[in-house]
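Let's have the full structure, built from the sequences with the hints guiding it.
Protein sequences appear in the order of chains A and B. Using the working numbering, the letters of the first sequence map in sequence onto residues 505 to 1195. Using the working numbering, the letters of the second sequence map in sequence onto residues 4 to 168.
Calculated from the structure, these hints are not laboratory results. Being a predicted model, the structure only gives us computed values, none of them experimental. A couple of the hints might just be wrong.
Unchecked claim - In silico DSS-like links for lysine-lysine, alpha-carbon gap of 25 Å or less:
{"no.": "1", "chain 1": "B", "residue 1": "Lys116", "chain 2": "A", "residue 2": "Lys1060"}
{"no.": "2", "chain 1": "B", "residue 1": "Lys132", "chain 2": "A", "residue 2": "Lys1060"}
{"no.": "3", "chain 1": "A", "residue 1": "Lys1016", "chain 2": "A", "residue 2": "Lys990"}
{"no.": "4", "chain 1": "B", "residue 1": "Lys122", "chain 2": "A", "residue 2": "Lys1060"}
{"no.": "5", "chain 1": "A", "residue 1": "Lys636", "chain 2": "B", "residue 2": "Lys99"}
{"no.": "6", "chain 1": "A", "residue 1": "Lys623", "chain 2": "A", "residue 2": "Lys512"}
Claimed, not checked - Label pairs and their calculated CB-CB ranges:
{"no.": "7", "chain 1": "A", "residue 1": "Glu1175", "chain 2": "B", "residue 2": "Glu115", "range": "46 to 56 Å"}
{"no.": "8", "chain 1": "B", "residue 1": "Ala31", "chain 2": "A", "residue 2": "Glu1130", "range": "21 to 31 Å"}
{"no.": "9", "chain 1": "B", "residue 1": "Glu115", "chain 2": "A", "residue 2": "Lys1148", "range": "50 to 60 Å"}
{"no.": "10", "chain 1": "B", "residue 1": "Ala30", "chain 2": "A", "residue 2": "Asn889", "range": "22 to 32 Å"}
The beta-carbon is built from N, C-alpha and C at its ideal position, and this holds for glycine as well.
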Amino acid sequence: MANGYAGKILKVDLTTKTIGEIPTSQYEQWGGGHGMGSAIFWDLCEDPTVDGTDPKNVVTIMAGPLSGTLASGAAGRTEVQGIGLQSMPRGWFTRSNFGGRFSTHLKYAGWDGIVILGKSDKQVWLNIVDGKVTLEDATSLWGLDTHATQQKIWASVLGAPPAGNWDTLGTTRDSGRSTQRPAVLSAGPNAEKFGPWASLVHDGGNGAGQGGFGGVFASKNLKAVSVLGTGGIEVADPNALMQARTWLMGYAVAGNWDNQGKNVAGNWPLPANPGTASSFPKGTALRPQGCAGCVRMCRCRSDKIMGNDSMCVDFFTTAGATPEVTVVWTDLMQKLGLNAFNLVGLFPWLRGLVAEGAIGKGKAIDSSLPFEQMTSVAFGVDLMNSIVNQTDIGKDLALGLWQCAQKWGRLDKDLATGMLPLQEWGYVHHYDGRTEAEWGYGCLLGDRDINEHDFNWICYWTPTIWAAYGMTPLVTAQRMAEIMSKQMIPYSDEPNLIDYSDAGIYSETMAKTTAWHRHYTRYYKQALGFCDWNWADFVNPYGPDFVGATSIGEPKFFNAVTGKNQTFAEGMEIGRKIWNLDRAVWILQGRTRDMEVFSDYMYDVAATAKTPGIPYEMPYTMPVFENGAWSYKSVAGRKLDRQKVEDFKTLFFKLEGWDTKTGWPTRKTLEDLGLKNVADKLQGAGKLGAA
Amino acid sequence: MMACSLVHHGQVNYSLSRIQITQNSFAAFPNDISMAMCRQCPFPACVEVCPTGACHVDTANGNVRTVDEAKCIGCERCVAACPFTPSRAIWNGADKHAQKCDLCADTPFWNEKGGPGGKQACATVCAMKAISFTKDVPVQGADTGYNVDLGSTSKVWQGFGFNVG
Chain A
505 MANGYAGKIL
515 KVDLTTKTIG
525 EIPTSQYEQW
535 GGGHGMGSAI
545 FWDLCEDPTV
555 DGTDPKNVVT
565 IMAGPLSGTL
575 ASGAAGRTEV
585 QGIGLQSMPR
595 GWFTRSNFGG
605 RFSTHLKYAG
615 WDGIVILGKS
625 DKQVWLNIVD
635 GKVTLEDATS
645 LWGLDTHATQ
655 QKIWASVLGA
665 PPAGNWDTLG
675 TTRDSGRSTQ
685 RPAVLSAGPN
695 AEKFGPWASL
705 VHDGGNGAGQ
715 GGFGGVFASK
725 NLKAVSVLGT
735 GGIEVADPNA
745 LMQARTWLMG
755 YAVAGNWDNQ
765 GKNVAGNWPL
775 PANPGTASSF
785 PKGTALRPQG
795 CAGCVRMCRC
805 RSDKIMGNDS
815 MCVDFFTTAG
825 ATPEVTVVWT
835 DLMQKLGLNA
845 FNLVGLFPWL
855 RGLVAEGAIG
865 KGKAIDSSLP
875 FEQMTSVAFG
885 VDLMNSIVNQ
895 TDIGKDLALG
905 LWQCAQKWGR
915 LDKDLATGML
925 PLQEWGYVHH
935 YDGRTEAEWG
945 YGCLLGDRDI
955 NEHDFNWICY
965 WTPTIWAAYG
975 MTPLVTAQRM
985 AEIMSKQMIP
995 YSDEPNLIDY
1005 SDAGIYSETM
1015 AKTTAWHRHY
1025 TRYYKQALGF
1035 CDWNWADFVN
1045 PYGPDFVGAT
1055 SIGEPKFFNA
1065 VTGKNQTFAE
1075 GMEIGRKIWN
1085 LDRAVWILQG
1095 RTRDMEVFSD
1105 YMYDVAATAK
1115 TPGIPYEMPY
1125 TMPVFENGAW
1135 SYKSVAGRKL
1145 DRQKVEDFKT
1155 LFFKLEGWDT
1165 KTGWPTRKTL
1175 EDLGLKNVAD
1185 KLQGAGKLGA
1195 A
Chain B
4 MMACSLVHHG
14 QVNYSLSRIQ
24 ITQNSFAAFP
34 NDISMAMCRQ
44 CPFPACVEVC
54 PTGACHVDTA
64 NGNVRTVDEA
74 KCIGCERCVA
84 ACPFTPSRAI
94 WNGADKHAQK
104 CDLCADTPFW
114 NEKGGPGGKQ
124 ACATVCAMKA
134 ISFTKDVPVQ
144 GADTGYNVDL
154 GSTSKVWQGF
164 GFNVG
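Pasting the structure below:
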């Protein structure tokens, strides 16, 4: 059927070693990606309260209808879900995703996703070549890094190292040919030893970094998944898809080569995020590179190999490290399969401990690491190896940052000052909820650091860079607010959705912004795969009157591929449904409203972009609506008010149709979303929200 | 690759694409990406070896070298004869015929005029303007004639601050 779907989802039971199929049609209402993953997890996970290392954990690796197509920024992403190992006080049902070419090959192999159940009695890797699916011995791969693992698997699948020619997969001349290398997703060496830190890496540096999914894989005795597809995916309206593609190129440098200087603030929408390109040593020859189907090309390939496919935070481990040092660290981080964000949070903590005299040879926290040269190659290499091999302080660090701090008796103290920058749920502070409120709230009311920059690019970075460099804003704050309100269906009648003033961040309007963000990201970004580096496209210098592609572009691509006639509003409603389903899982896992508090530093320490010492943050200038007028204003120095955050939560719960006492969805809310079965299960567990 | 297969076959399918791009994340730029497009050879071996005239020079479409699928008997001599690796003439195992780049002369799934005088899907969708149609025949017999480093010769790319070696 020409609708962008392959038609079946692969189901692998590692315990029984059985390979099965789930018809995609059973889950098509959820879109793809995260929507399907959550619904499948709901159906197949017997007990979501188990630890992430329990064989009952269900892992989904999902593509969507747009994967492998020309839908820019959506074609290349793959969504991974399951009970994670990273968050505290417990591993929430969580998500990560990664780019590259994995979901493309999965679709071309004939699969819309992979569901992994159980635990293998032997170390294995999953080998998918079109419809042929086998479990292979991974004993010789288990201790290898992610890059070596992938290259060994390439040779295994193709019968020899790739030679750049047509390979025939199968035994007949028509059984499928390809020039491509298999797309492989791998955990690091012996990832069970550093599970909460362990990422999954595809190609050079496409990482499902947060959540500890490398550790989850290892707990199942699964090292890697390899997929090679020689088939194809029929598209409902190929001409419309081509037109959509060229239309969207008009919103990027891709379609504006003679006018490339027009960028909002030196960041968007250039190829290869300048922060990435400038992370390489001077004299390195680079090309921009992108995931399958993208028009943005946010990464690089270098003539030094190190740093290939990595980008942004992969390179921002700590301030003060030169590019010559950084690329070595980045390369090793990807090979070892370590969560880049954990490293970003670790360095300010270590610096603080050193300054206190609390860590070092013979100190309270005894360590032989060379703290006197923290920006040297040797320090980063030794630090990362200590975590992977559980030596020196790595033995405790490997437990997870929160767990380590708890073991060292420093958790409460260091969260109170922000010296250990875990903003919520044990996840490293990425952007500041004291200033960029929708970011903080989205993390707090969800399961992890959101890593969704939809508002961040436009409402934080853009005005901040304008202010910091004395640039004339391309759009006024009022115009920005007008543009974005119109796009934020179904809340378009609200004019103040991006009011980040001291009052605005606790308002019902901010509750709507936060809700919009959760719903949009659940569907468009995580279920359909629209990439965070390309979408949402709110304000765009190439758009008519600076209006970006969002609310028009997403349905344009979806409908061209699937043949449906889905509106943006309908997609947002599916996102609300997915969000409510996820909420139900967290509730079964034990979530209560009183758990949803930020670390103490968020309430007690002023936001200065120095506390915590996240290396890329700059003091926050954001749009505010005060005294009847819009402006861009510095909101640095703010702290959150505990009671006001609680009151905000009440507003948010009310808006979402959840019990304001508990934060649990009500039966009406769930049934209106077609989730009666979810309401029944919550009721059975005594956790259904009261009306 | 996606655009090529899409406009010719109505599906996205790397294996049906008449332009092949292979990537190796573990190789150093510029060897991390290999681009294999048909060179529309002045003396096309694929046309010469075809026993039925399926692979032919299409004089109605600017002399593009292309395969008349109805005449193809599936001998794959064109695939073997192509002097380049991977072969630019490719085998369509689903529909059982050879096919090759026709400069989009025949794209039933795209409402644009193709062929040498028209648009090519690959060039249209390329976000980096890396692909273009040229009538200046580059040096044959090696890759050197086609390794045009658009990066270092492009003001735009240099304007991004890229060191291109």
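Status of each hint after checking the structure:
1. B:Lys116 <-> A:Lys1060: Status holds; Cα separation ~23 Å.
2. B:Lys132 <-> A:Lys1060: Roughly 24 Å between the alpha carbons, so the hint for Lys132 (chain B) and Lys1060 (chain A) holds.
3. A:Lys1016 <-> A:Lys990: Measuring from Cα to Cα gives roughly 14 Å; hence the hint holds.
4. B:Lys122 <-> A:Lys1060: holds (23 Å)
5. A:Lys636 <-> B:Lys99: holds (22 Å)
6. A:Lys623 <-> A:Lys512: holds (23 Å)
7. A:Glu1175 <-> B:Glu115: 46 to 56 Å: Holds, at about 48 Å.
8. B:Ala31 <-> A:Glu1130: 21 to 31 Å: violated (53 Å)
9. B:Glu115 <-> A:Lys1148: 50 to 60 Å: holds (57 Å)
10. B:Ala30 <-> A:Asn889: 22 to 32 Å: Between Ala30 (chain B) and Asn889 (chain A), where Cβ atoms are some 25 Å apart, the hint holds.
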